[in-house]
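Number of protein chains: 2
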Amino acid sequence: MSEEVQRPPERARRLPRAVRERQILDAAVQVFSRYGYHSASMDEISEVAGVSKPMIYTYLGSKEDLFGQCIRREATRLLEAVQAGVQPDLPPDMQLWHGLRSFYRFVAEYRESWVVLHRQALTVGGSFAAEVTAMRTRAIELVAALVVSAGTRKGLGEQAEFSGEGLSAALVGAAESLADWALEHPEVSDGVLASWLMNLVWLGFNDLIEGQVWKPSD
Amino acid sequence: MSEEVQRPPERARRLPRAVRERQILDAAVQVFSRYGYHSASMDEISEVAGVSKPMIYTYLGSKEDLFGQCIRREATRLLEAVQAGVQPDLPPDMQLWHGLRSFYRFVAEYRESWVVLHRQALTVGGSFAAEVTAMRTRAIELVAALVVSAGTRKGLGEQAEFSGEGLSAALVGAAESLADWALEHPEVSDGVLASWLMNLVWLGFNDLIEGQVWKPSD
DNA sequence: AGGTGAGGCTACCCGCCAGTAGGTAAGTGG
DNA sequence: CCACTTACCTACTGGCGGGTAGCCTCACCT
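Chains as they are written, first to last, in the numbering used here: chain X, 1 to 218; chain W, 1 to 218.
A couple of the hints might just be wrong.
A pair counts as met if it fits within one copy or between any two copies, since identical chains are not told apart.
[To be verified] Here are the computed lysine to aspartate or glutamate pairs in the EDC-like style, where the Cα-Cα straight-line distance is at most 16 angstroms: (1) K215 / D93; (2) K215 / D43; (3) K215 / D190; (4) K53 / E210; (5) K53 / D93.
If you are wondering where the hints come from, they were derived from the structure by calculation, not from laboratory data.
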């Protein structure tokens, strides 16, 4: 009578904690990236992870904790991916080129990571936004260093340094925006994306560095 | 005994509907821009507006309706501000230049409008995100038209058209990102911001158009 | 004066969802 | 085979906040 005819849809049972944590984080990134922090429900995350809700709480803590862990994990991944592609002894333009390629490769491969980091993290006012912003600022400063280095290498001083930060902010923004665009155009390769940006921006930098400027004609 | 010594903190009483609607929308934009759609509460909006919650519902409808009206109002403002600064009979670079200046002037003056449009609108999956994205796409296409026009004017054909959309996406992203950056550097004028972008981007375009390209050296 | 309708409010409802209490089953050491 | 731990679940609670029912009150008209 009380015989179990229907087995519950084959959940993997009794896995070690580390594995479950990975599954939960994967599911969380997926759900957060799709719905955003607030609209994502812990119930859905647990369902996608194939695990009951209390597991999430015992393993990863509150919703906010969980989101934080997602952010940190994906941010680390992204940084490592970019760093792995850059050799610091190359000239500035080549460093930028390789960094960009790695970046676009990462975005293409881990779309959800990128969406969580770029779109969703800022919507949770709090330490996460600050954390992501800090990472972004680091990227801007890194790029600024490249720009300034290229500038001084050609004998330009304080002028490059002054506008460098703003220009770098613009460049980073351009790179991010192009990443979003690329999400809807997967047929465009990372090399093409990176070279578009290089052509757009680096040539502009070079012109600037060499004293060529655009001025309004009226 | 039941004498009213304390007057309730002097709310303006019995104003015409149109005025109240303006107040409510102003308050909503302010609160939405600060906390984002989900974390903003109708109670707080009503408090900031100096009006009770049911008023919002009778005048502007549901929270989603309210947000939609904010988005539309601010989007219209932004578009009008930019269009007011552009004269269509000027050459492409001057059009871009004037458009950018108007844009940065608007962002500086109506920070909250910009934040709502740029940061918050995308976090509400639904028709708003689509609406804002559509507006953004229009901007990209507009810029793309300028780019292509500049390209063909110089005798370049399909090549400019192909990469034009991606480049424009990058340019619009750069402009937006620089706008965010400028929020934290109010001392930089709209003219300076616009000319940074022009120097960065337009010079890059020109080089491209004239066949000069950057290529990786390895 | 008193009727009427628009402006405005207090006080409540109720669904959704983060978070939890308390229990069961499956390994592990003796 | 029994104690003890670890993996894991079902089933609940509590509150926050979107949304509303129903009432008041002033201004103006006749």
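So, going through the hints one by one against the coordinates:
In the homo-oligomer, the alpha carbons of K215 and D93 lie at most 16 angstroms apart only across protomers (10 angstroms), although the nearest pairing inside one protomer, at 26 angstroms, exceeds that limit. With identical chains, the CA atoms of K215 and D43 are never at most 16 angstroms apart, being 57 angstroms at best within one copy and 50 angstroms at best between copies. When the C-alpha separation of K215 and D190 is checked against a cutoff of 16 angstroms, the pair qualifies only between copies, where the shortest distance is 15 angstroms, while the shortest distance within a copy is 33 angstroms. In this homomeric assembly, K53 and E210 never come within 16 angstroms of each other (Cα to Cα): the closest approach is 60 angstroms inside a single copy and 60 angstroms across copies.
With identical chains, the CA atoms of K53 and D93 are never at most 16 angstroms apart, being 49 angstroms at best within one copy and 57 angstroms at best between copies.
The structure does not agree with the numbered hints 2, 4 and 5 stated previously, though it agrees with the rest.
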